[in-house]
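Protein sequences, first through last, are from chains A and B. Take any residue in the first sequence, note its place counting from 1, add 42, and you have its number in our numbering. Take any residue in the second sequence, note its place counting from 1, add 2, and you have its number in our numbering.
A few of these clues could be false.
As the list claims (entries may be wrong) - Some chain B residues judged to face chain A by a derived CB distance under 10 Å, without partners named:
1) P92
2) P121
3) S122
As the list claims (entries may be wrong) - Residues of chain A clear of chain B, computed beta-carbon distances all greater than 10 Å:
4) V50
5) R140
6) L141
Hints in this document: simulated from the structure, not taken from any laboratory. Ideal placement from N, C-alpha and C gives every residue a C-beta, glycine not left out.
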Amino acid sequence: MHVVIPYVVGALLFALGVYGVLRRRNAILVLMAVELMLNAVNLILVTADVSVRAVLPGTGGVFALFVIVLAAAEVGVGLAIVLQFYRMRRIVVVDEVRLDTDEERVAG
Amino acid sequence: MTVADVLLLALGAIAVGSGALVVTSTHLVRSGFYLVVSLGAIAGLYLVLGAELVAWVQVLVYVGAVVVLLLFAVMLTRAPIGPSADLDRPALPAAVIGAGVGLGLTALFVDAFRWTRFPSPDPGTAERLGEQIFGAWVLPFEVLSILLLSALVGAIVLSRPDIGARKAEDA
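Chain A on its own, in the form it takes in the complex (with noise of 0.2 Å):
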């Protein structure tokens, strides 16, 4: 097989990635952008397994499983916080987030 298919396939997904996460004013969209990153890096990593040749034969694949185990922590801690703050605020927008009137809450 080619093994430059999926490689061109990884970096046009990532860069589809880093475009939605500059794009995107709604957290939750950031957040899918973000899953696509990481998935190209996840299908990068794998195809590594069959081109390169490593020390030890698989690494890739159990490296691709270690991040979708990371990906599953990250987008539960980041929708827990997404949600308490529209809970608190009403807001889904990133730009619309205001960070120095938290911290005269904090203060006061």
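For this one, chain A is given, so just place chain B on it according to the hints.
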């Protein structure tokens, strides 16, 4: 072009196409469903690349859990059902940076691997991957279990309003 190449091209086109729809769609919920299609196509790519267990874990964890969690959050934040007008920032800086990253990485990979043919891997079994995880990578595995536990506790603490907020009001 072998069968594997055709499969890789087709699944890659599906993954990239629906990925593009994820980041450009004006419907919040449709973005989530396009994400399902993209992640499913990536799972198919794993199967072609011989990483069977990773493909099924991808379907279970990503398509099964993460996307459901994301759609759940979309619903809990009272997202409008129709298209939303104010989802995006101005496109130009994001497009420039995204295109730069994409072109750079693509050039890097094309230059590194060219159009060379690699032997198809024999389909990896869960047994071999399990030997790797519990042999060479057992310490990262344990660290990861601690991380999952702390993420679980953190998510519970964050989403319970009666733990953190009351102390701030008392003080």
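Consistency of the hints with the structure:
1. Below 10 Å, beta-carbon pairs count as interface contacts, and P92(B) has one with chain A at about 9 Å; its hint therefore holds.
2. Hint on P121(B) holds. Least Cβ distance to chain A is approximately 8 Å, under the 10 Å limit.
3. For S122(B), the interface hint holds, the least distance from its beta-carbon to any beta-carbon of chain A being 5 Å, beneath 10 Å.
4. Non-interface call for V50(A) relative to chain B: violated, since the shortest CB-CB distance, roughly 5 Å, does not exceed 10 Å.
5. Separation of R140(A) from chain B is adequate, the least Cβ-Cβ distance of about 17 Å exceeding the 10 Å criterion.
6. With a minimum CB-CB distance of about 16 Å to chain B, L141(A) clears the 10 Å threshold, and the non-interface call stands.
Violated hint: 4 only; the structure is consistent with all others.
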